[in-house]
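S.K.: Kindly generate the complete structure, drawing on both the sequences and the hints.
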Amino acid sequence: MDKIQIHMLGGFHVFINGVAVDEQVLKTKKGCMLLQYLILQRGKPVPTVELYETLWPDDENSNPANALKTLISRTRATLTKLSPLFADCITTQRGSYRFNANCGIEVDIYEFEALVQQLSEVRELDDTTNGLFQTMLTIYAGDLLPANASENWVVARNVDLHNRYLKAVLAYIDLLRDKNNFDEVIRVSRVALDIDAFDERLHISLMDALVRAGRNNESLMQYKHATNIYYRYLGAQPPEALQDFYKQIITAGQELEMNIDLIKAELAEAGKIKGAFVCEYAVFKDIYHLQARSLERLGLSMFIVLMKVNTIDGTPFEPLKLDDVMKRLLDVLRNNLRKGDTVSQFSPTQFALLLPSVNYDTGKLVMERIRRAFYREQANSNIMLTYRFGPVDGKSV
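Just so you know, we're using the numbering used here here: the sequence shown kicks off at 9 and counts up by one.
Quick caveat, the hints were computed from the structure, so don't treat them as lab data.
Computed cross-link-like contacts, DSSO-like style, restricted to lysine-lysine with a CA-CA straight-line distance of at most 30 angstroms:
1. Lys282 with Lys316
2. Lys329 with Lys282
3. Lys37 with Lys89
4. Lys316 with Lys372
5. Lys335 with Lys255
6. Lys293 with Lys316
7. Lys187 with Lys175
8. Lys232 with Lys329
9. Lys52 with Lys38
10. Lys282 with Lys347
11. Lys52 with Lys37
DEER-style ranges, computed between Cβ atoms:
12. Pro92 with Arg198: 38 to 44 angstroms
13. Ala244 with Arg396: 18 to 24 angstroms
14. Leu34 with Pro327: 29 to 35 angstroms
15. Asp204 with Thr100: 36 to 42 angstroms
From a predicted model like this one, the values you see are computed outputs, not experimental measurements.
Beta carbons are placed, not taken as given, at the ideal position from N, Cα and C, and that holds for glycine.
M.R.: Right under this line is the structure:
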């Protein structure tokens, strides 16, 4: 008897005795969609009208039942030529059709759903349960039917399967963490991030495991990679939990040092850096609150600035072009601001600045100097630099 496997996660593939027969199955798009839709119903009878409206949503055929019968007949014939086991996979039942889930064909989403249900009861890892989690990671090769991702009949099921996958992965990570198996947490987190690059919980799990494994530099690189993803592809700041974790990374691994001379030497070395202090936004917020609390007590002033780049004609930046523009602007800011000033990227196209000990007039002069320097760097381009700034009120902090 043939062994037939149908994969719908990460792409639609059909294997007979380990050999891919996708080309034959995919000969007709409608026949392929018919098989996929029936499989997703998992043995539930699907009325003729529902099937027709799904396969021909914009068609007003005078005889839809006949068109559907013809499609099913052709699909059955195509599949049966590949293997006799397909002969009974699509059955008729009182004005409806269904996929026979018990016809001996292995379907990955059926295996996945059964597996995550079983794993939801697991509270401790052993060789058996660890093997089940590993199998789950292998089966979920990607989202459901990516070629049909925009179809209404795929969207809801895809979201459900994706959420169940993430829930199982995060549960597995928690169990691995309980065993102090941080190397495996790192591997599993990276596998899952290949599936969902935007899940902040996976990024934090990976960074945390890297820190606990003593790989702080890798954790910092992962943070920068994650923030770049949010800025470039979502056009938004990284989630606050991700920003807050940055502070844990930069302090991790630092042993308590009681040598005051060594501390003074390190601080003196840091003081040699010229220009503004550039930091991640999580640190920027801490600096803002720290300095703002001192304003009224010390009788000082501080201005906050938001600088933004746009194209003159309003067209969106190409990602690589935007990266280059923001790097050039950051260099200009470093070279034209003082040591006491602070700079942080606020969004894909914006920098936030803190300018202590300036008033409105001097602040305006600084901003105009920066704008002129930036335009010299971007001569003959269609890029426009704008800014807004205002005083910080210590009473509101």
